[in-house]
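Student: Single-letter residue listing:
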Amino acid sequence: EIVLTQSPAITAASLGQKVTITCSASSSVSYMHWYQQKSGTSPKPWIYEISKLASGVPARFSGSGSGTSYSLTISSMEAEDAAIYYCQQWNYPYTFGGGTKLEIK
Amino acid sequence: QVQLQQPGAELVRPGASVKLSCKASGYSFTSYWMNWVKQRPGQGLEWIGMIHPSDSETRLNQKFKDKATLTVDKSSSTAYMQLSSPTSEDSAVYYCARMGDGFFAYWGQGTLVTVSA
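Going line by line, the protein sequences match chains S and P.
The opening position of the first sequence corresponds to residue 1 in this note's numbering, with each subsequent residue numbered one higher.
The opening position of the second sequence corresponds to residue 106 in this note's numbering, with each subsequent residue numbered one higher.
Treat the hints as calculated values from the structure; they're not laboratory data.
No residue lacks a Cβ here, since even glycine has one placed at the ideal position from N, Cα and C.
Mixed in with the good hints there might be a few duds.
DSSO-like mimics (lysine-lysine), calculated; alpha carbons at most 30 angstroms apart, straight line [said to hold, decoys possible]:
hint, chain 1, residue 1, chain 2, residue 2
1, S, LYS38, P, LYS124
2, P, LYS124, S, LYS44
3, S, LYS101, P, LYS179
4, P, LYS124, P, LYS168
5, P, LYS179, P, LYS124
6, P, LYS179, S, LYS44
7, S, LYS52, P, LYS124
8, S, LYS105, S, LYS52
Now the stretches of chain S that chain P is said to cover, found in silico as 3 or more residues with beta-carbon under 8 angstroms [stated by the list, open to error]:
hint, segment
9, 27 to 40
10, 78 to 90
11, 94 to 102
Work the whole structure out from these sequences, hints included.
Tutor: Take a look at the structure:
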């Protein structure tokens, strides 16, 4: 099983600040996906296949990476971006990272 | 539009099995893998397994092989997950999620399972 380690586990950003969340895989993976989850709601697909934005996701979000290292970046933090973000790899068994809680500073 | 409808909550006695449902609409039910994901309170996400409704081919996370049984009813476009001999460790929100392009493209609202006497 591929273990995904996200960092940081918790972070806070000021409005307008650039934010980067990383996801490290225990073995090389071909694709990484990201989900956003807000309290009391289902996760939402956010970025898929490393860098493709899901429907409705603002262009300030981007994804990148390869092999064992991937990242999600917000170019300019907005209030609505406060949430928990999970990475997920697509080899069997599918696994998720432990999540990064993004708060507003 | 794609919708996955799940009951909001289930109360289960320890040791009594429970069958969770996920009714799909808005797409061809037999064309996409249906997944189940577990989330314990305040915790992360765990993939339980998936089933293809066309032929009921199932792929399970080995961690859940003795816990979860996945089935479908094509006539009602409903996927099911049965949890056997539940314990407090099985108290969690369980989501169904439809696959799309290798990721979980659509999610149900989740069923909160509470295992309690």
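Student: All the hints need checking, so say for each whether the structure fits it.
Tutor: How the hints compare with the structure:
| no. | hint | in the structure |
| --- | --- | --- |
| 1 | S:LYS38 <-> P:LYS124 | 27 angstroms, holds |
| 2 | P:LYS124 <-> S:LYS44 | 25 angstroms, holds |
| 3 | S:LYS101 <-> P:LYS179 | 39 angstroms, violated |
| 4 | P:LYS124 <-> P:LYS168 | 19 angstroms, holds |
| 5 | P:LYS179 <-> P:LYS124 | 16 angstroms, holds |
| 6 | P:LYS179 <-> S:LYS44 | 26 angstroms, holds |
| 7 | S:LYS52 <-> P:LYS124 | 35 angstroms, violated |
| 8 | S:LYS105 <-> S:LYS52 | 28 angstroms, holds |
| 9 | 27 to 40 | holds (count 3) |
| 10 | 78 to 90 | holds (count 3) |
| 11 | 94 to 102 | holds (count 6) |
The earlier numbered hints that this structure contradicts are 3 and 7.
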